[in-house]
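S.K.: For this one, chain A is given, so just place chains B, C, D, E and F on it according to the hints.
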Amino acid sequence: MTIVQQLVAGLGVPNFQVLIPEIIVLITALLVFVLELFTKSRILISTVSVVGLAVGALSILTISEGAITLYGLYIVDSFSLAFKFFLIVFTILAIVNLQPYVESKKTYYGEYYYLIIFSLLGMMIMVSSPNLVSFYIGLELMSVSTYILVGLWKKDYKSKEGAFKYLIMGGAGTAIISYAIALIYGKTGSFDFARIFHEVQDKSDIGLTVAVALLIVGLALKASAVPFHFWTPDAYEAAPTPITGFMASVSKIATYAVILRVMVEAFPLNNAIWSYGWAVLAGVSMVVGNFVALKQKNVKRMLAYSSIAHTGYILAALASPNGMGFTALIFYSLVYLFMALGGFIFLSAFEKNGNWTNDIEDFKGLAKKHPIMALYMLIYMFSMLGIPPTVGFMGKFGVFLALISSNVWWLAVVLVVTSIVSAGYYLRVVAYMYMYEPVKEGRFYLNPIEKFTVGFLAVMVLVIGIYPTVFWEISNVLTSVLIMNIGVR
Amino acid sequence: MVPYEYYVALSGLLMVLGLIGVIVRKNIIAMLISTELMLNAVNIAFVAFDMKLHDVVGQVFVFFILTIAAAEAAIGLGLIMAIYRMKKDVDVEKLTELKG
Amino acid sequence: MEMLATVIGVVIKSVIFIVGMFLAAAYLTLIERKFAGHVQQRPGPLHVGYHGLLQPIADALKVLTKEDLVPNNVDKVLFYLASLMAFVPAIMILAVVPFGDPFTIFGIEIKPFITDLNIGLILALAFGSISIYGVIFAGWASNSKYPMIGGLRKAAVLIGYEVALGFAMVGPIMMAGSFSLREIVQAQEGFFGAFIWYQPIAFIVILFAILAETGRTPFDVQEAEAELVSGYNTEYSGMKFGLFPLAEWYIGTFVLSAIAVILFFGGWKGPHIFGVLSPFIWFFLKVFMMFMFFLWVHWTLPRYRVDQITEIAWKVMLPLSLLNIFITAIIIIVKG
Amino acid sequence: MTPEFVNAGFPIITVSILIPLVAAAIVFLLNEKFAKPISIVSSVVVFILSSYMLLTYDPSGYKIQFYEKYAWIPQFGISYEVGVDALSLTMVWLTAISFVVAFVWSTNIEKRVKEYFIAFLVLEAACIGVFVAWDLVAFYVFWEVMLIPMFLIIGVWGYSERIYAATKFFIYTFFGSLFLLIGVIGMYIYNYVENDVLSTSYFDLLKLSLHYNLEIIFFLLLALGFAIKVPMWPFHTWLPAAHVQAPTAGSVILAAVLLKMGTYGFVRFNLPWFPEASKYFMPVMFTLGVIAIIYTAMMAIAQTHIKRLIAYSSVSHMGFVTIGTFALNQEGVNGAIITMISHGLTSGALFLAAGFIYERLHSYEMKDLGGMAKFVPVFATLFMISAMASAGLPGLSGFVGEFLALLGTFKVSILTATLAGLSLVVGAAYTLWLYKRTMFEEELLTEEKKEEYSKLKDLNTAELWSFLPLVIFMFVIGIYPNWWINLINNTTHFVLHKIVGG
Amino acid sequence: MVKLKYVERPKLSLLEKLLFLDFIKGLKVTFKNLIRKTITTKYPYEKLTPPKRFRGTHAHRVKDGNEPPSFSVLEKFMDINTGESRCVACYMCQQACPMPSLFRIEAVQLPNGKKKVVRFDMNLLNCLYCGLCVDACPVDCLIMTDIYETAKYQRESCVIHMDDMSERGKDFDRRRLKEPDRIWIDDQERIKLWGQIKWS
Amino acid sequence: MELSVVAFWVLSAIAVISAIGVVFFKNIVYSVLSLISTLIAISGLFFNLGAELIGALQILIYAVAIVVFYVLVISTVPQYKGEAVDPKYALLSAPFGFILFLELAYVSVYGLWASNTGIFSPDIFKEISNAKAVATLLFTKYLFPFEVASLILLVAMIGAILLGKKDIVEDEKEGGA
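Protein chains in written order, with the working numbering: chain A, 1 to 489; chain B, 1 to 100; chain C, 1 to 336; chain D, 1 to 502; chain E, 1 to 200; chain F, 1 to 177.
No wet-lab data here; the hints were simulated from the structure. We treat Cβ as the ideally placed atom computed from N, Cα and C, and that holds for glycine. Hints may be right or wrong, so weigh each one.
Using 27 Å as the maximum straight-line C-alpha spacing, the simulated BS3-like pairs for lysine-lysine come out as follows [to be verified]:
id, chain 1, residue 1, chain 2, residue 2
1, A, K451, D, K114
2, D, K498, D, K374
3, A, K440, D, K374
4, A, K295, D, K168
5, A, K158, B, K26
6, F, K166, A, K106
7, A, K154, F, K165
8, A, K368, B, K94
9, B, K88, A, K295
10, B, K94, A, K105
11, A, K154, F, K166
12, B, K87, F, K132
13, B, K94, A, K154
14, F, K165, C, K335
15, A, K105, B, K26
What follows is a list of derived Cβ distance ranges for each label pair [unchecked claim]:
id, chain 1, residue 1, chain 2, residue 2, range
16, A, V8, C, F326, 44 to 52 Å
17, D, S454, A, G354, 39 to 47 Å
18, A, G354, D, E365, 22 to 30 Å
Just chain A, with the same shape it has in the complex:
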């Protein structure tokens, strides 16, 4: 038996049953890709993508048993399934709002749809990777699609500039992650999380420390933590607003999930290295994100900085490398989806009207013109600020709990102080909406879909904020799944 035969002998047919969601999403992407060549009907394209994704989301519910398939390169467990479900659902919400926006901005490309879906596919691969190879490849599929999405705005220079900055930083991040993977490979001789765990155990030497540090740097770059955040505001401002919403919510959450997965499944016993690293990054992110956001006059940019700050809040949970921290991270990231997407869709709904810009001045008196939409925005703002009964409070509460339970008092204090700073700019938006007279003339046309999306998300923010038990339960279960997965092959 030659060595090649030995290698091939152990490999059977992969379990395609558990890959149904990915397959459906892939087919949807390709279908849209082909359809886009033949039809000019944008409604058709968006309908096909939404229906495809919806079927994909539903198909997740049919999977009852997890599996490790594709020869150990793909893990389907509750953790990945739950995240996939949320990712798909929120992608659908982003997609349905894309259509009116790009149409009014005259930047229509059918490519938007399948690029988003490809990006989604990358995230799905990323969150269900038990292996650095599939993690890397999924991360790249996501990033590459996103670079294009940012730059894809007809005749808009800013879009190109933002995309380029994003690309350069992202490229450097990719290189750093690759280097980290190389060092880990050299250290353990494997890409597999379980193998890495068995090889490393709690023995950490300088090589592993540097590898993990580089991995953290690279992932922080992708998750836009300070000091690697420079691309974020530019790319967010440059992209079409629903795409920004997609990036700020869906791709970020996927990144957090994969950060959690890598850190917990590959280096659970070396948490002394990474929890401290993430804690420092999170602290700096909170401080810089919030203080810079204070100065912004453009609400979209302000939300971008606020998302940096939220990266800080969410990653702060990793400073407490135990079940509580992971639960807090999962919970906060899941609920952050609602706030972030809602906020950006709100912007997009108004921005598509001719004389409206994202400038804070234009928010004056919005509550008089659109009391209900303004109320939704108020809910988002207070949620991001972390005021109960919105869900943002519950997220911060979990992070507080985790931090204090691990005695990371300094980070808790930083979180508190920066939260108070953040009140400065979130309240400004509310104040401009409610406490000034309108300056912009004319009526806004809001699409019913946009109204529905913003309203639905706002109501969800309130409902989950008041009754977060379900989401806490989900987070708890996911955490336990994650922890049970350690070292299992």
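M.R.: Chains B, C, D, E and F only, in chain A's frame:
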């Protein structure tokens, strides 16, 4: 035989050079080139470890890095062309429409 | 000591190969000129030596002794470097081309190749495509518009056909199961074992690709005299000028013909009617036939437009080669 | 000392929290003109419910009555746990009556009526929730929810510098409450580590015996949150701004209810949870309290803006509450609680008076006023009663509380009590001066002003009905305080049981 | 408006496309030419005689008795002996020439009243061999010969004089006068090489 | 001294010097030229290590396919006239980079790397070629990432075409200077 560690050290040096390139260069094309340099450095490390480990998975990984380098280069150059068409310049200091 | 022997062996072989290649290239120019002359009912060179046999040497002397003009605003370093960059990779392909099986003479085993890498074909492809830089940089360094356009055209053509060439090579590789050129030759047994019978599509694609890569008519847009004076080498003169056609038209064509022969015509295989030397003779005969075929095509057809050429590359050749891979794969699976 | 839990047959507390919310939803859905009646009716219903509870409350022993508990976030041991003891109940009752007054007064509001009433209704629910919650997270949630409507009330319906004031109010309170949150979570985690009980219930945390240093840390964290809300002396600067800029009803609620939350927190949490720390911090609190009393009283004298004056007087009164609380004896705490009620009534009434003046004369500045008494006699009478109650005239509510608080303080620190007592004189001075500058000094009036004043209308029905309950209860408490003291005595005993024993 | 007429190229059939038949046809043509005999002459060693109507350097016919009738009229006023140039200095050639400075013609009146041409120089550096002067000549004097090697070492040498021209004229007439007027030196050979021209 | 040792030092010297050239050449064309040189040197290092397939692909894909696009873009973009590097960043990053390099070098030389965990010893490489070993893994176990990589390339191709297209920037007539 040269110890494999030397190859890794070399890859570290190239990596640092690439990083410096990304930071200090003012020409946007050169920045993109520097990222390519970084990815290449990684390739050396992978192959060196691979040979040390008597494994070939590292070389398989190099394939993916090649793919991604190609993808990033293609998109980056497309963007550079677009930027150049609009701005008639490739100086990074002129890319200042997004600020704050 | 071992190392010294290896180095010396390689150096000697390299020198033989390079010098031989230079001479061969020089005489290939003569062959081409004769051929072109007769196609046009002219006799070609006649007077230097018997029927112009010394003409290449005279030409070489002329080129070497000519004044080497460097125009004013060129990028000097790149201007000099470009001609070398076009030439060296073309020669380097020879490193992986085997001319026969190893044989023993006077008790010394002689390998008629420099290296036998198991990825020889890829390396050949790689070196072949590096020469593109010579052309582009020549065009860029000249700081003049005709060379620039010529260089860009060449690049466009090369990119297109390099892909088709690479994919077309996959068919024979799949049949032989190796990248090594020697193993590919060994896989072709007998007259009907030659891969030309099984891979006609690949062969046609490769023919087109070689024509395009070496810049021969009908794909010689890079130096379309009517439009671009002389294309990318307009500003060159003297020896620097001489290197370009030498590399492209002669060494390039010759080496690629050799690879095509290895891939499709069984390389040096043939009836043993010339004794020890028969592999060489067969090989060079086949390569020569190939080369003559290219000359024949060159002096027959008119030139395509550059957009037509790239269109053929991407819309015809690439799908054809992919189709070929597909068919080959199916046949291999069916045959088991 | 373990409390008894008397479960409610009918979830009366939950209902009284839900009624305003449901009313808010109805207002949101219906036309603008239904907003006022629905709000008033709902607040009256809540008032009736709270009065019912007050009357049926069993003051013997320490019982948590009308108790309800449902699991909320079981993963963290967080539950929805409400119930009342006497302290809570008085506060709920005060809230209910204040909101009735505020709604009745607000019938003349015209700007963005729907939003106005929705904000107030949500505020009412949150305020009641704060006082009845026995689960710390629930308490915190209500505590924070209250910020949103209050922020909007000040910011949207306030006066010229409303946005600055609203933001300042919000950020100050938010700042304090986040430290409160850290403290609560710290307690919770510590409890989990010590006793292996995952619970945020008040009584579970009460069982915790903390190390002295930890106790001090947690005391400080919680005290910061409460002190800002009270507001105690160095943190009081948001209050004048907020009071001045808020609309009249907003000021009433702010003074009558929101300020009580801080002192409520001190009494409810700091004293029972951190007895040692409370003792330790007693001098500090006394100092701060005395400074608050004297300094702000002085500040009040210097004011020419009547709302600002009343605001400073509030700070001064809350100083009495502080020292009464930290006297750490029965009399002191009783006095503090009675002062809280009384201050709720009097300051509410005073702000209503200020609102009345502004509505009639469109000015808060004393130099524009004077000599009104002759033209608006009914108002002048009611204003006089309120002012006297505020100044601490015996027979009115203010006197009882302050007297008891001083009595308690005397037992502990004569110096503090003396200083605080002396400042009563200053208090009387500014109150009387306020009354004199606005109502009397007829001789300073010009002819045009007289003519203008002669057209003034006295209190209309709504205004009268918003004044009357406050004034009535000032008399009730002032004349027969024993009922209240009996009501709260056992609760006070419970609050102090770790400090004084038993 | 001009209506353009497009002539469609004949479409190739599928078979032709697949087998590159047109391409092979082209190769066939080339190959046929390849094996043909070359038609090149090795010039300095082999020289072709141009056809009679070739327009080479100019020459003068001499008076030899074959003159046209016009000459006999003019002859009376001219002093021309047999064997001398027929030129009557009428300046017609100069008039016809697109490059008038090419000619330098001088004539004198002899004491006997007759006219004598003393100078007939042509600067061939200026000549473009159009042959108009030859057409203009009334006495059939100026002709063009089959001499095509006009290269000289000095510029002065390019000016030809009357005597040389007379000599050349004599020589040309001697060689070619009797020759029939043909397109090529040997039509049979041309037909063999280039094929019969079919006049439609 | 063995041949491979000499080769290592020579090739790495070339690689490093050219990499420095990539970073510090003012003329972007020279930068690209240096990049090509670096890439070829790196490919030589791969051959030296025994990874022939990667070495050849390094030249074929990297040095040719990718860099050609750079060259084409540089040819269409006129020569850049500004400074090569930002002096303040350069001053800052030189010591920083040096320290980083020292650290990485220390790590790579003194790190406890695993060795000989796999089954592909040099003998086996001789038996089945390097290409075969890599291909076997690539097309069996790692087929899934390989397919995803093809998706990445598809996306990148679409993106490059879309972004480079003319109608995505303003029309030449309108915006022309």
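S.K.: Next, verify each hint and record whether it holds.
M.R.: For each hint, the structure was consulted:
no., hint, verdict
1, K451/A x K114/D, "holds, 21 Å"
2, K498/D x K374/D, "violated, 55 Å"
3, K440/A x K374/D, "violated, 49 Å"
4, K295/A x K168/D, "holds, 18 Å"
5, K158/A x K26/B, "holds, 19 Å"
6, K166/F x K106/A, "holds, 16 Å"
7, K154/A x K165/F, "holds, 10 Å"
8, K368/A x K94/B, "violated, 41 Å"
9, K88/B x K295/A, "violated, 31 Å"
10, K94/B x K105/A, "holds, 26 Å"
11, K154/A x K166/F, "holds, 10 Å"
12, K87/B x K132/F, "violated, 49 Å"
13, K94/B x K154/A, "holds, 20 Å"
14, K165/F x K335/C, "violated, 46 Å"
15, K105/A x K26/B, "violated, 32 Å"
16, V8/A x F326/C: 44 to 52 Å, "violated, 22 Å"
17, S454/D x G354/A: 39 to 47 Å, "violated, 56 Å"
18, G354/A x E365/D: 22 to 30 Å, "violated, 46 Å"
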